[in-house]
Amino acid sequence: MLVISNLLKQYGDLVAVDDISLRAEKGTVFGLLGPNGAGKSTMINCISGLLRPTSGSVSVGGFDIVDDPTDAKKLLGVVPQELALYEDLSAIDNLRYWGKAYGMRGEDLASRAKEVLGNIGLADRSKDLPKTFSGGMKRRLNFACGIMHRPHLILLDEPTAGVDPQSRQRLFDMVEAERRHGACILYTTHYMAEAEQLCDSLAIIDHGKLIAQGTVAELRAKLGARDVLQLSGAFPGDSSQQAIQKLVNNGLSDLELIAQEEQNITMTLSDASQHLPAIFAALAEVGGNVSETSLRRPNLETLFLLLTGKELRE
Amino acid sequence: MSLFLASTRKDLARWRQDTNALLLFLAIPLLIGGLITVLMSGSGGAKPHGTVLIVDQDDTFLSGVIAGAFGQGELGELLTVKKVTVEDGMANMDAGEASGLLIIPKGFTDAFFDKQPVTLILKTNPAQTILPGIISDVTEILLDAGFYAQQLFGEDIATIRDGNLEGLPDDVFVSAIAVSIQHKIEASGSLLFPPAMDIDIVPPPPEQPRIPYALLFLPGVILLALMFAANGLASDYWEEREHGTLRRLVYAPGQLTAFLAGKALAAGLVITLIGGVTLVIGFLYHGIAWSKLPSSLAWIAISGVALFSWFGALQMLAGNRRSGNLITSMLLFPLLMAGGSFFPFAALPDWIAALGRRTPNGFIADRLTTEITSATTWAIDIQSWLIVSTMAVLGLALCAWRLQTGFARN
Ligand SMILES: Nc1ncnc2c1ncn2[C@@H]1O[C@H](COP(=O)(O)OP(=O)(O)OP(=O)(O)O)[C@@H](O)[C@H]1O
Ligand SMILES: [Mg+2]
Chain A
1 MLVISNLLKQ
11 YGDLVAVDDI
21 SLRAEKGTVF
31 GLLGPNGAGK
41 STMINCISGL
51 LRPTSGSVSV
61 GGFDIVDDPT
71 DAKKLLGVVP
81 QELALYEDLS
91 AIDNLRYWGK
101 AYGMRGEDLA
111 SRAKEVLGNI
121 GLADRSKDLP
131 KTFSGGMKRR
141 LNFACGIMHR
151 PHLILLDEPT
161 AGVDPQSRQR
171 LFDMVEAERR
181 HGACILYTTH
191 YMAEAEQLCD
201 SLAIIDHGKL
211 IAQGTVAELR
221 AKLGARDVLQ
231 LSGAFPGDSS
241 QQAIQKLVNN
251 GLSDLELIAQ
261 EEQNITMTLS
271 DASQHLPAIF
281 AALAEVGGNV
291 SETSLRRPNL
301 ETLFLLLTGK
311 ELRE
Chain B
1001 MSLFLASTRK
1011 DLARWRQDTN
1021 ALLLFLAIPL
1031 LIGGLITVLM
1041 SGSGGAKPHG
1051 TVLIVDQDDT
1061 FLSGVIAGAF
1071 GQGELGELLT
1081 VKKVTVEDGM
1091 ANMDAGEASG
1101 LLIIPKGFTD
1111 AFFDKQPVTL
1121 ILKTNPAQTI
1131 LPGIISDVTE
1141 ILLDAGFYAQ
1151 QLFGEDIATI
1161 RDGNLEGLPD
1171 DVFVSAIAVS
1181 IQHKIEASGS
1191 LLFPPAMDID
1201 IVPPPPEQPR
1211 IPYALLFLPG
1221 VILLALMFAA
1231 NGLASDYWEE
1241 REHGTLRRLV
1251 YAPGQLTAFL
1261 AGKALAAGLV
1271 ITLIGGVTLV
1281 IGFLYHGIAW
1291 SKLPSSLAWI
1301 AISGVALFSW
1311 FGALQMLAGN
1321 RRSGNLITSM
1331 LLFPLLMAGG
1341 SFFPFAALPD
1351 WIAALGRRTP
1361 NGFIADRLTT
1371 EITSATTWAI
1381 DIQSWLIVST
1391 MAVLGLALCA
1401 WRLQTGFARN
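Each protein sequence line maps, in turn, to chains A and B. Under this note's numbering, the letters of the first sequence match residues 1 to 314, in that order. Under this note's numbering, the letters of the second sequence match residues 1001 to 1410, in that order.
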């Protein structure tokens, strides 16, 4: 349904999307993960035709978004990261208007607007103006406007930002419903947990580069069973590193140093909790001082940390 | 087509809620128009009042009648009659202190009864329009009446003049005159001789139209309504951009033209409504023929769309909303000033008026003046309709180009 080939987008000198290729099939949810500024929205904007790629191509259902925009756009539904609603037009009129923008009319338009409004739980607010809605309600309406015309490819750019758990669950249900109807969904987020719950396959990007791609199971396998250990405090540069290297040499062979700064050390190893005393002792020996310890079981969130040495969210 | 009307309906629904803005668009012209009308009509909205100076060199009963006629009845409310010498009269006129100066030459009464040509001199104040017009009209009516009276009843009047008026005329004498007058009325039928008397109106400078001055303000005031409304509504493009709805529009396949045309129609309807209310009030106040309303409304509607599309294009050419508003308001006031909204063209120096008629709003106001003051309806020439329609289309094309070249994307 969606084929991205060697997509490159530059803003002046800044490379926001750096030579990324992906495929997403119908009836699946494809997760696009990355921290703030990774280039997720830029990719979405290139796919939707809002931005022209510097090079590379995007094809939607076989139609190139640059060469054949009209056919490609008919298949596309976009839920932008920023709300895009007429705040002074009733909820139902917003839906009808966007339906008409995609050529819907008559009975089909009326019944679809009602159906969608019911799905997002706003049936009883249909005549109210969005400016009187809560943030979560606006998000849901924003979603509904993008899927009114039953698109084959839905681009969701962080649909859950600033949404309470109840609204979030509703959005997930709607995404599931669209997938069941055979749509392909590109889901952008920086919440790994969301991606794990929703997505069939994933791509992780950072600084515009694709750093990992695969199904959730494939990516989990990459992690192995190692825990992630993060220590905060004061750690003298070279000597701490040498102390940790000594631990590796003395039996902790699967310990891997991910990142080391003056105040932070991040490493992975299996059964970390049993080795904590040894690690603390080794660091104390070289004048290190641990003030805070964080030990995490492996998940996709830690995968990002392993791949980039930094947190997905600050 | 589907999106075209949907776009109109959606904008009308949205704008309807902003009653404050709509009332403001309406209040501005009504306030300024009302103010001008009050100022034009003197204090407290009363009728204008002026002075007519009369130099009566003849100093007879008849010249006294003419002079006195200006002080009678309703005219008396408008005019104060002052008898002066020629020198004082001229000096007063030069100082612009009086509305008119009428000189009745010596020998007027004799010439009148002897059916000899005689010339009255009337000088009017070029700085005023209404009162001098009234003065010359009244003088002409008086002289016409005098002429026909003299043609018909000259002998009888002479009889009265020559008769002994100290005693009462006897019945025979009166009935003889009455019978004579009766005969002459029957015989005269449609008597139409060129008057032997003439009035020499010293013409005020040219360019002084013969239509009421306050009426000349109406088109400018309506343009005030059109310009404010068009400018105000044009900032809606920023509203749409900031709410992300323009971006969403770009996601949809090829609908920019329908969207723009729909918005232009909505703006045209709102502007026509606002301009139309102002127009109807003007029609009522000035007693303009209602048959001119459809053509005037049509002109306002197409002009409103043209102004809206160009204000919209200017807004979209600006880098941000603030500079967009700055540019359009910096244009708005000089254009209104030059385009006859605060001073009608008739009151402006020729070269400024000529320039003002070339501003978009001045052009529209000028043609609207033609429409409401001419003797016929649909008086605006076809070229003007074509120019305004073309401008509307060009403005919308510019808007479409800006939407496609990035305005919608951020
Ligand atoms: N219009 C623009 N002009 C210049 N640089 C831009 C523009 N838009 C985005 N960028 C830059 O491109 C990079 C990618 O931005 P993008 O918005 O795609 O990130 P993102 O992954 O969507 O982040 P977030 O999670 O915060 O939404 C950032 O460094 C950003 O500063
Ligand atoms: Mg983003």
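No lab work stands behind these hints, which were simulated from the structure alone. Hints are not guaranteed to be accurate.
[Said to hold, decoys possible] Sample of chain A residues at the chain B side, in silico, Cβ under 10 Å:
#1 SER48
#2 LYS73
#3 LEU76
#4 ALA101
#5 ARG105
#6 HIS190
#7 GLU194
#8 GLY309
[Unchecked claim] With beta-carbon atoms standing in for the labels, derived distance ranges:
#9 A:GLN166 / B:THR1257: 47 to 53 Å
#10 A:GLU261 / B:LEU1024: 41 to 47 Å
#11 B:ALA1027 / A:ASP71: 45 to 51 Å
#12 B:ARG1016 / A:LYS26: 41 to 47 Å
The beta-carbon is built from N, C-alpha and C at its ideal position, and this holds for glycine as well.
Going down the list of hints, with the structure as the test:
no.	hint	in the structure
1	SER48	5 Å, holds
2	LYS73	4 Å, holds
3	LEU76	7 Å, holds
4	ALA101	4 Å, holds
5	ARG105	5 Å, holds
6	HIS190	21 Å, violated
7	GLU194	23 Å, violated
8	GLY309	33 Å, violated
9	A:GLN166 / B:THR1257: 47 to 53 Å	41 Å, violated
10	A:GLU261 / B:LEU1024: 41 to 47 Å	59 Å, violated
11	B:ALA1027 / A:ASP71: 45 to 51 Å	50 Å, holds
12	B:ARG1016 / A:LYS26: 41 to 47 Å	42 Å, holds
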